[in-house]
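A.B. asks: Protein chains in written order, with this note's numbering: chain Z, 791 to 905; chain Y, 802 to 1150.
Hints in this document: simulated from the structure, not taken from any laboratory.
Among the hints, a few may not be true.
Have a look at the derived ranges for each label pair, beta carbon to beta carbon [said to hold, decoys possible]: (1) Gly891/Y x Leu821/Z: 46 to 56 Å; (2) Ser883/Z x Gly891/Y: 39 to 49 Å; (3) Pro876/Y x Thr901/Z: 45 to 55 Å; (4) Gly891/Y x Asp829/Z: 20 to 30 Å; (5) Asp829/Z x Ser908/Y: 24 to 34 Å; (6) Ala887/Z x Ser908/Y: 38 to 48 Å; (7) Val840/Z x Leu845/Y: 25 to 35 Å; (8) Thr882/Z x Gly902/Y: 19 to 29 Å; (9) Gln886/Z x Ile899/Y: 45 to 55 Å; (10) Gln1078/Y x Val840/Z: 29 to 39 Å; (11) Thr901/Z x Glu893/Y: 37 to 47 Å; (12) Ser822/Z x Gly844/Y: 56 to 66 Å; (13) Leu936/Y x Asp829/Z: 32 to 42 Å.
Stretches of chain Y that chain Z covers, calculated by requiring three or more beta carbons in the stretch to come under 8 Å of a beta carbon on chain Z [what the hints assert, rightly or not]: (14) 812 to 818; (15) 886 to 893; (16) 903 to 915.
Ideal placement from N, C-alpha and C gives every residue a C-beta, glycine not left out.
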Amino acid sequence: MNDTPLDPAVMAEFRETMGDDFAAELVDTFLSEAPTLLDDLRAALETDDVDRFRRAAHSIKSNANVFGAPMLAEQARSLELGGMDGPNDALTSHVQALDDEFARVAAALRTLLNG
Amino acid sequence: MADQKARLLIVDDNKVNRLLLARSVEMLGYQATLAENGKVAMGLLRDHTFDLMLLDIEMPEMDGFEVLEAIKLEPALRDLPVLVTSSVEGIENIVRCIGLGADDYLSKPVNKVLLQARLSSSLEKKRLRDEQKSLLKRFATSEVVQDLQEQGFALGGRRVHASVLFCDIRGFTSLSESQPPEETIELLNMYYTLMFEAIEAHGGIVSLMIGDGLMVLFGAPQPLADPARSAVMAAQDMLAIMREFNLDRVVIGKPEIKIGIGIATGEVVAGYAGTQQRATYTCIGDKVNLAARLEAHTKTAQRAVLIDDATNLALIGAIQTQSIGDVLLKGFAEPVPVYSVSADPHSLD
Chain Z
791 MNDTPLDPAV
801 MAEFRETMGD
811 DFAAELVDTF
821 LSEAPTLLDD
831 LRAALETDDV
841 DRFRRAAHSI
851 KSNANVFGAP
861 MLAEQARSLE
871 LGGMDGPNDA
881 LTSHVQALDD
891 EFARVAAALR
901 TLLNG
Chain Y
802 MADQKARLLI
812 VDDNKVNRLL
822 LARSVEMLGY
832 QATLAENGKV
842 AMGLLRDHTF
852 DLMLLDIEMP
862 EMDGFEVLEA
872 IKLEPALRDL
882 PVLVTSSVEG
892 IENIVRCIGL
902 GADDYLSKPV
912 NKVLLQARLS
922 SSLEKKRLRD
932 EQKSLLKRFA
942 TSEVVQDLQE
952 QGFALGGRRV
962 HASVLFCDIR
972 GFTSLSESQP
982 PEETIELLNM
992 YYTLMFEAIE
1002 AHGGIVSLMI
1012 GDGLMVLFGA
1022 PQPLADPARS
1032 AVMAAQDMLA
1042 IMREFNLDRV
1052 VIGKPEIKIG
1062 IGIATGEVVA
1072 GYAGTQQRAT
1082 YTCIGDKVNL
1092 AARLEAHTKT
1102 AQRAVLIDDA
1112 TNLALIGAIQ
1122 TQSIGDVLLK
1132 GFAEPVPVYS
1142 VSADPHSLD
């Protein structure tokens, strides 16, 4: 695994163009919204809801790109494009890996904004 | 940029994307309204006016493709510029958006410089389109504008059931010779304004204006439930308005203006006639000649409104008429039955 969950250049440019206050506000929004999206993925697996699964993965991918989290984006992307094909326990472990990566991104974003 | 802040509708189910886009366009000087899915967006679009929509594709309830399809079906929304902003992958999805009428596709995260360029170009195009539309409205009636927008422009006609109304000012030539031309133009403009009001209130469209003469269609290009009745009711309103107008004229010592109206009903061929460069919405057929001849005959018959057999039939039970017998009109081989309609709808009994 990559040791740097964030591409610092992306956030630097983001703060530069959008302003520090807005950057902090948007990061907060992401940190409070993303857990809901991860819950959506798990719930979709349980209820066999292909559309919900794809949409949640798509949303995480899209946001990961905004904040420059390439690993998170890539993992979300493969879930979005792969859909719910494949054995259920494999999917569950992919979602867990995504959750773990989100935790790393969240921590890095917090450090970046508070540091 | 526009003098007034352009109003943008941002549609995205993801809160981060929504806030980010809103902030981006606000920084560029635009005004943003937010919707979290296609369904909410459609509601906002129907109730408010927007200059442009930024539309996400992947959304619950109603996705971006469905929104693009839905706005195509609503004439009021069809021309709204749409920029799709999405991170949906695959060229086929981009092609599908453009095919469904989107102006452009911007992949997320949206580059701000690109966004600014796309926004100003789309808004400028919309401004020019709006300008053309308002210009079009000045030279054509709203029914013709609607027909042009729905059917597009094509020379050629189609058969429709319609009523044709001719109207002109009695003794206009001698009137215009007795007063300065400025006064005649002023009189004509006032006359047109008043007549158009009565005509439009009953769904008629003016297809020709020649001097003091008007040719009006009822039932084309947009169909009317009862074109004959609409035409006769318009004629009665036109006469009532002229009575009011004459009261004012008498007060200032001017001669009264009298009008004559002829109406015929039946199948006509209506459509755009002219060339690709210059054309007008009009109709042709023997009903057009008949209406013109009836109007000319009002002077001889000393009646304000004369109608043909078909118009009279359509009025039975609704508006009272009076037969003035069969009349041999110029251009017609046989005498035709002609009826008179009272100028005042309240004095018919």
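A.B. asks: To test your reading of the hints: which numbers does this structure violate?
C.D. replies: 1, 2, 6, 8, 9, 10, 12 and 13
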